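Enquirer: Top to bottom, those sequences are chains W and L.
In terms of the numbering used here, the first sequence has 31 at position 31, counting the first letter as 1, and numbering is strictly consecutive.
In terms of the numbering used here, the second sequence has 405 at position 405, counting the first letter as 1, and numbering is strictly consecutive.
The hints are simulated quantities; they were obtained by calculation from the structure and are not laboratory data.
These numbers come from a predicted model, not from an experiment.
Cβ coordinates follow ideal geometry from the N, Cα and C atoms, glycine included.
Certain hints may be false.
If we take Cβ atoms under 10 Å as the criterion, some of the chain L residues that face chain W in the derived model are [stated by the list, open to error]:
1. 67
2. 69
3. 70
4. 74
5. 160
6. 162
7. 163
8. 164
9. 261
10. 301
11. 322
12. 331
13. 416
14. 432
15. 434
Per the computed footprint, the stretches of chain W lying under chain L, defined by three or more beta-carbons under 8 Å from a beta-carbon of chain L, are [claimed, not checked]:
16. 3–12
17. 22–36
Some chain L residues judged to face chain W by a derived CB distance under 8 Å, without partners named [stated by the list, open to error]:
18. 192
19. 254
20. 265
21. 269
22. 335
23. 355
24. 359
25. 361
26. 362
27. 363
28. 426
29. 428
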Amino acid sequence: MSKRLILFAVWCLVWSVIALAAAWYGWSPYADASGHAAQTPMGGHGGFGYGHFYGPMHK
Amino acid sequence: MTGAKTISCPNCGGSLDVRAAGYTVTLACRYCGALLDVANPPPDADARIIIQYHEAVAQLVLPLGSRGTLFGVEWEAIGWQERQSSDAVWTEYLLFNPYAGYRWLVHAEGHWQFGTMLVEQPERVADNEVRWRGQSWQLDDAPVTTVTNRVLGEFYWRVRAGETVGAAEYACGNDTLSLEHNADEINWTHLVALRPSEVRNSFRAPPGDLNPATDDEPDEAPPAMGSGLWARWIDLPTYAENDAAMMAWAAVLAIMVVLTGMMTFGAVTQAVSSKLTVQIDGPASQITIGTLSIERPSQRVRLTAQTYNAFVNTWVDCDYALVNRRTQQAIRADGTVEFYSGRDTDGSIWTEGNHDLTLDVSRVPRGTYDVVVQAQAHHWDDPKATAPATVNGWESVNTDTRDVVFIASAGGMDWGVFFTIMALLIAPPVVLLYWQFKQRQNA
């Protein structure tokens, strides 16, 4: 087995483990929010539509 | 490159090029295999027959006359011999350059080595060790007796089939020192490993002399498997490199493992749902969708809001809170379901937005959560509309309330992560295949 194959096997192993760990722990870089972000006490709400422009973009 | 000379084989009449004229002693006819003495021909002929053969000659991976540049020198393959020990068969090409002399190109089970004959003798340190150029070389396997099965082309000594010599190999890293000896002489050769692609990309067969792949190339010739796209894939010149193909298969295997694992680990372990009726332009409504228990150290939570066709020119702000029952701390996420439709001045209907909203909350820590949502709905009036726009021509858009179904689930497959990992796994073999293909084209 060549060095290139061994390196690629390690590459596959590392990314596979990362993928499986991400699935198990529910981690995603594409998530809309994170449970590990600052948590706030319950009460009130986040403010509807803050920073959001409503209505269609259609011209 | 050399002063070539053409002679006729006295056995079969075939026309033979003597590529290293003046140096070559023995020539094996490429057509009939007869061994000819070209150093001392009789007065009325170009060569003298030493041994007459009538067997079919071998088809070679590198046809004799092929030229290639290795280590900065252009070599021409002028001779070939097939040799055998008790358990192995290999071939050796004799390379020639008029300024650099002779070298060997050894081909064994798909592996290539470039051999340089040594002028000096390595120093014997022990039965299984020699020293050469300051390095220790260890005996690799027991010494064997090798026999020359077949020969073709030109040689600078009296070569013949059936010749036997004692042989041993000493290794130091990837390099090898080969010892061959008989009653008359001892020869040492320094062998350096070459990649198959180096040989393949370096050597070109002379025009009209390209031989098909042969049994001399056991693990480099693409196997005949299938047709169509698959055949074209495996017939890529780079396939013979083997690495790229093995990497591609390893990547496919890894992708299958990742897909299976992610679908297993990412399976939905719990889901709750509730329907909320929100009033258009009215106050915010709140509902507890349900309770989710996260059993793992952390897990993904997917929040979905679904509306229906009557949901037109309306947006609903959704403000979620996952409230930890023990700590009363909330993890928040918010989004908007919005769907608009209108009529252009040319009468065509346009639409924008979706009837659904999906939010993913990553790494929600272990705990029990009440999933609470506050929703507030608004209506948008199309300033260009002369009549209320509809989606399918009959549903009204002017009701005062909208139903929204909220679903919260623990788990869920993350296709974004999967496709990212898939790209990372498949990229190296694809890049390697492409690079090798370009190298091949440029060669």
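Enquirer: Hints the structure violates: just list their numbers, smallest first.
Expert: 1, 2, 3, 4, 5, 6, 7, 8, 15, 18, 21, 23, 28
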